[in-house]
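Asker: Protein chains in written order, with my numbering: chain A, 1 to 229; chain B, 1001 to 1250; chain C, 2001 to 2231.
Note that these hints are calculated values from the structure, not bench results. Glycine residues also receive a C-beta, built at the ideal position from the N, C-alpha and C atoms. Please note that the accuracy of each hint is not assured.
Unchecked claim - Heads up, simulated EDC-like pairs for lysine to aspartate or glutamate below, C-alpha to C-alpha not over 20 Å straight-line:
hint, chain 1, residue 1, chain 2, residue 2
1, B, K1195, C, E2192
2, C, K2191, B, D1042
3, B, K1133, A, D93
4, B, K1131, A, D93
5, B, K1026, C, E2192
Unchecked claim - Label pairs and their calculated CB-CB ranges:
hint, chain 1, residue 1, chain 2, residue 2, range
6, B, F1245, A, N158, 24 to 30 Å
7, C, V2210, B, K1063, 47 to 53 Å
8, C, V2209, A, Y90, 31 to 37 Å
9, A, Y90, B, D1196, 22 to 28 Å
10, A, D80, B, F1245, 31 to 37 Å
11, A, M1, C, G2214, 41 to 47 Å
12, C, G2214, A, R136, 35 to 41 Å
13, C, V2209, A, Q45, 50 to 56 Å
14, C, G2214, A, V211, 32 to 38 Å
The lines below spell out each chain.
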Amino acid sequence: MNWDVIVQYLPRLLDGAVLTLQLVAISVLLGLILALPMGIARASQNLYLRALPYAYIFFFRGTPLLVQLFLVYYGMAQFDVVRQSALWPYLRDPYWCAIITMTLHTAAYIAEIIRGAIQAVPPGEVEAARALGMSRTQTLLHVTLPRAIRIGLPAYSNEVILMLKASALASTITLVELTGAARTIIARTYLPVEFFFAAGVIYLIIAFVLVQGFKLLERWLRVDACQGR
Amino acid sequence: MQTYKKFLLAAAATLAIGSQAVAAEKLKLGTEGAYPPFNLIDASGQVVGFDIEIGQALCAKMKVECEVVTSDWDGIIPALNARKFDFLIASMSITEERKRAVDFTEPYYTNKLQFVAPKSVDFKTDQNSLKGKVIGAQRATIAGTWLEDNLAKVVDVKLYDTQENAYLDLASGRLDGILADTFVQWEWLKSDAGKDFEFKGDPVFDNDKIGIAVRKGDPLRERLNTALKEIVADGTYEKINAKYFPFSIY
Amino acid sequence: MIFDLHGFGPALLAGTLMTIQLALASLALGLVLGLLGALAKTSPLKPLQWLGGTYSTLVRGVPELLWVLLIYFGTVGLMRSLADLLGMESLELSAFAAGTIALGLCFGAYATEVFRGAILAIPKGHREAGLALGLSAPRIFWRLILPQMWRIALPGLGNLFMILMKDTALVSVIGLEELMRRSQIAVTASKEPFTFYMVAALIYLGLTVVAMIGLHFLERRASRGFVRSAA
């Protein structure tokens, strides 16, 4: 192990790690916002409402993220219409392509987490709220969702870790995030073991910190107390 | 129980690792396969191009049978050292950094680095005019290294896994220009996809010696050098050259 | 035909077959690793518990792509010393072998947790009954625990397999000519990225559907004689 070289290039790896964190943070937040209506629709009793987001979720969960990334980054540019549209300034930037793709991808998974969480809310509680005269919307906002958030939080934290790992794919569309930084450094130094190892350790540290953060959040939201039936 | 046995067998088969002796009569020729016209993979899956023809001509002179193996560019030197192939003929520039990892033969052609940009754009290659431009190059190439060493503070450098992906982004307008080997770009410029683009300015670097790489200390290097001299002397090289370029690249 | 494949149809088909082979080989390796990991984690021996736990935590915390790259490019020195040790001329990890090991490693780390849950879900009484009958520990595991674990673990493993199948696309980065790499080659020639990546996406979707159907039948077979309890 050539530690001196690792230390020498550490700032570049850390720059990459910052970009990794940005990509993950933005996409899991936007993904959550996008997933909320889809998850609620998926848990609905109305068949049509339930079927509507299905195709979207099916596509994004059934195909590799790498293919989705290449479809958005290289695929969209095949069409002149896209290149002349108002969206092009964003779509031409690999940063936004990565964020768009990762958001669309994670939203499909989060929507299913939300569906599962809503369906796990004890029916008695929903019935009780309705019996107290709450409207459907009130029940959703004050009873079902707060309860579902706590039920779904552990699964959401898992999804965030999965997206942290998935963000490594952004290196294939020229972004110099953590994996991209390691690959660029290796192209110069020919030290694959050293730099993939160093990048791996940084991923582990980020994952560890995120998991601890979610544990704190779970404690703050008193998730434990809400899990009992 | 049958199922478990099958799983175990399959797992064992997976772990079995291919190994082969470097026999005198058979060699593996390594290349990338994404660098037209020097090396590329056609629709039938065949690896073709200038590098491969030169490589096969050398094999014929050395009286050995060569099998073509491809590897992605990023890991092509580690792959050579891992004996995934015996010599590497992939339009690789001879650089000091690479010489620490592998040995090179005498150059089999000399390349230049030159910018390419849209015909419709006024594109000057001095530092001031380049300021703020987005320039693409292939990761782990001499063009990529040159950009990072000379223009990293001036332009936004984007590095691609393959040269083809850089062309796709130049055509889509994501890149203002590309820096790459002159001959490779010459081929692309005369293709349909490259018809709206042209060379800009003089070559920024014109002594890019391209060599065949072998593992450090491998005596194969001398045999390749001898064979190279022979194909240049007997006109084989010239014939292959003429198939690809109307000018000599040696 | 909606998509003009420019003669790359057979190449894509060959890539699809390679993808399936890679997924199945990784599955086989991953199941073995997962089983070993779960046995280690549930064993009464502290060092084994630690080993199983470290394996599943470390592997799950690092991107799959990084494992693929690390195992392909990082094992060169290791393989060379191994070859010297065995007195062989050379040893190499092909892209297929490296991909299988990397994906199997990742699958195994998640499968460790699935199998562990399944082991813990089997009533203690079954093991005790085996002991009372005088069966040896391996026999108890092989004849009593494993057949029951299978049923409990199947849905979890099925999910992992779907993830694995999509992760095979990552091996394109080290040049294995599976579906994704074949599509990239086709894009290079045709300059039609959308067409070919869309076709690749649809093929992956098709594979997912086939896997889902297969899993459904396996689950039905595995839970013969069991009444599904209401959630």
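Asker: Hint by hint, note whether the structure agrees.
Answerer: Results for each hint:
Simply put, K1195(B) and E2192(C) have alpha-carbon atoms about 17 Å apart, close enough for the 20 Å limit, and the pair holds. Distance restraint check for K2191(C) and D1042(B): the Cα-Cα separation of roughly 13 Å lies within the 20 Å cut-off, and the hinted pair is therefore satisfied. Note on K1133(B) and D93(A): the hinted pairing holds, with a Cα-Cα distance of about 13 Å set against a maximum of 20 Å. At most 20 Å may separate the alpha-carbon atoms for a hinted pair to count; K1131(B) and D93(A) meet this at roughly 18 Å.
In summary, the hint linking K1026(B) to E2192(C) is not supported, as the alpha carbons are separated by about 38 Å, beyond the 20 Å threshold. The supplied range of 24 to 30 Å is broken by F1245(B) and N158(A), whose beta-carbon atoms lie about 56 Å from each other. The given range of 47 to 53 Å is respected by V2210(C) and K1063(B), whose C-beta atoms sit roughly 49 Å from each other. Separation of V2209(C) from Y90(A) is about 33 Å and conforms to the stated range, judged on CB atoms against 31 to 37 Å.
The hinted window of 22 to 28 Å between Y90(A) and D1196(B) holds, with their beta carbons roughly 24 Å apart. For D80(A) and F1245(B), the hinted distance range of 31 to 37 Å is satisfied, since their beta carbons lie about 32 Å from each other. Hint check: M1(A) to G2214(C), Cβ distance near 44 Å, so the stated range 41 to 47 Å holds. Distance hint check: the CB atoms of G2214(C) and R136(A) are about 40 Å apart, consistent with the given range 35 to 41 Å.
Restraint check, V2209(C) to Q45(A): a C-beta distance of roughly 26 Å breaks the suggested window 50 to 56 Å. In this structure the supplied range 32 to 38 Å holds for G2214(C) paired with V211(A), their Cβ-Cβ distance being about 33 Å.
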